[in-house]
Amino acid sequence: MMRSLFSGVSGLKNHQTRMDVIGNNISNVNTTGFKSSRVNFEDSLSQTLTAASSASGTVGGTNPKQIGLGSRISAIDVNFKDGSVQSTGINTDLCLSGNALFVVTQGNQTFYTRNGAFNFDAQGNLVNAEGLYVQGYMNKSATEHNSVNTNGATSSIAIRAGKTMASSATQKANYVNNLNSTAPTITAITATKQSGAQTSGLSGVTIGEPTSDPYIAAVLTMSDGTTQTVTSGSYTSGNSIPISTTVKVYDSLGSAHVVPITVEKTAANTWLAKLAKATITEEDGSTTTLTMNPATITFKDTGAFNSGSASLQLAYSGGNGAAAQTVAITFDNLTQYANSTTINAEADGYASGTLDTVTIDESGTVVGTYSNGVLRKEAQIAVAQFTNAPGLTKNGNSLYTESQNSGTPNIGTADAFGAKITASALEMSNVDVAEEFSNMIITQRGFQSNSKIITVSDEMLENLINMKR
0 MMRSLFSGVS
10 GLKNHQTRMD
20 VIGNNISNVN
30 TTGFKSSRVN
40 FEDSLSQTLT
50 AASSASGTVG
60 GTNPKQIGLG
70 SRISAIDVNF
80 KDGSVQSTGI
90 NTDLCLSGNA
100 LFVVTQGNQT
110 FYTRNGAFNF
120 DAQGNLVNAE
130 GLYVQGYMNK
140 SATEHNSVNT
150 NGATSSIAIR
160 AGKTMASSAT
170 QKANYVNNLN
180 STAPTITAIT
190 ATKQSGAQTS
200 GLSGVTIGEP
210 TSDPYIAAVL
220 TMSDGTTQTV
230 TSGSYTSGNS
240 IPISTTVKVY
250 DSLGSAHVVP
260 ITVEKTAANT
270 WLAKLAKATI
280 TEEDGSTTTL
290 TMNPATITFK
300 DTGAFNSGSA
310 SLQLAYSGGN
320 GAAAQTVAIT
330 FDNLTQYANS
340 TTINAEADGY
350 ASGTLDTVTI
360 DESGTVVGTY
370 SNGVLRKEAQ
380 IAVAQFTNAP
390 GLTKNGNSLY
400 TESQNSGTPN
410 IGTADAFGAK
420 ITASALEMSN
430 VDVAEEFSNM
440 IITQRGFQSN
450 SKIITVSDEM
460 LENLINMKR
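For the sequence shown, numbering that gives the first Met the number 0 begins at 0 and goes up steadily by one.
Because the hints were derived from the structure by calculation, they are not lab data. All C-beta atoms in this analysis are idealised placements derived from N, C-alpha and C, irrespective of residue type, glycine included.
Estimated spans, in silico, between C-beta atoms of each pair:
1) ASP355 with SER202: 53 to 61 Å
2) SER146 with PHE79: 25 to 33 Å
3) ARG2 with ASN98: 42 to 50 Å
4) SER202 with SER146: 49 to 57 Å
5) ASN150 with GLN170: 25 to 33 Å
6) SER52 with ILE464: 31 to 39 Å
7) ARG71 with GLY123: 47 to 55 Å
8) THR57 with MET466: 37 to 45 Å
9) PHE5 with ASP414: 48 to 56 Å
10) GLY232 with ASN343: 18 to 26 Å
11) ASN150 with THR245: 35 to 43 Å
Construct the entire structure; sequences and hints are all you get.
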């Protein structure tokens with residue numbers, strides 16, 4: 000039998016396999032996260048007619064005489080380059096770029112995928128289209144909302160709709176932004192009483208103080224030559240006009256209380272913070288008693304904060320039921336520059352809330368927004384990285400499993416592996432249609448050429464047989 004027949008047959012089989020791979024690539028041109036494959040050929044064993052010989056004193060060396068016995072498939076490689084990012088507008092869709100795969104489980108089986116079309120089921124589980132559980136790190140802390148512990152084993156991500164968040168009492172408040180270093184001070188006070196009598200040269204005045212003949216207004220002469228008429232508040236000669244601020248304090252039951260605090264300049268680089276009133280009447284008729292020693296705030300001659308703090312105590316009465324609390328007030332984020340006054344108080348604590356919406360950011364962090372305005376990092380999506388991702392075994396449904404040549408998975412976060420997650424988007428197939436069509440033509444011609452080898456070999460064999468007739 001002629002060797003060319005076997006070579007032609009092997010070529011036909013190999014080109015058929017290549018066409019199968021091309022067909023599968025084109026079939027999955029719109030499959031989310033699909034990775035295209037290619038077929039590599041290599042020559043098969045060769046029959047040696049004459050071995051190579053070395054040179055001698057009388058004759059030079061000769062090359063071997065070998066006849067190839069056809070081709071075979073050396074590998075079917077998977078191309079793991081990133082596909083294009085396709086925006087979907089669905090906040091649970093995730094597009095993963097870089098050397099990483101999502102991790103999903105079914106029972107005790109673990110699979111890996113680049114298809115990030117996820118959604119929440121009726122039980123709040125984050126799953127893929129086949130219902131496999133997406134793996135990650137859950138935030139199990141009741142009080143920590145800004146980070147997720149990614150140490151330890153992963154688990155299924157589950158965030159039930161209607162989840163509630165307990166209230167948190169305020170523990171500290173911090174004043175931020177700027178106090179105007181050029182704020183004018185009061186040089187003279189002339190106050191008018193209810194009876195119409197006027198008093199000048201006052202060192203201080205409280206307008207509306209409950210007396211038989213209270214002051215109802217005052218004219219303040221300022222260090223910059225201007226005057227101001229005021230009808231409420233407390234003023235001290237030598238100080239600036241008090242700046243009214245508020246601190247929102249949440250009690251142990253989550254109720255909010257607005258505490259009024261004034262800040263006024265008393266000397267160069269020196270300010271005074273004090274309570275504007277000692278009691279607050281709440282909307283439900285209960286009262287809150289406030290206690291805070293005046294706090295002296297000083298600044299360096301560069302405008303930077305130097306010293307000052309305060310301790311605010313709140314006691315609740317009238318059936319509120321909340322525990323008395325102490326709030327530490329700091330001023331270390333204040334500055335004193337010759338610019339507008341923009342002082343503001345930022346306090347911790349919040350009321351109870353219910354989960355409104357869930358989004359996923361580019362780090363793979365699942366963020367919940369609650370009705371109380373608090374953002375909580377609920378979970379962190381895990382990804383797996385393999386030394387040889389093309390060595391993974393395909394299992395259908397866009398799933399892969401670990402193989403003997405893929406290496407063991409390294410589980411972590413996308414940021415840790417240099418990968419990137421694009422939220423509200425999916426990874427498109429990386430199949431290049433133009434390249435596949437070109438390969439299809441080349442494969443077709445290769446198949447035709449190999450079939451021609453078989454035809455011609457058959458004719459030669461027929462001629463050989465006919466020689467005997």
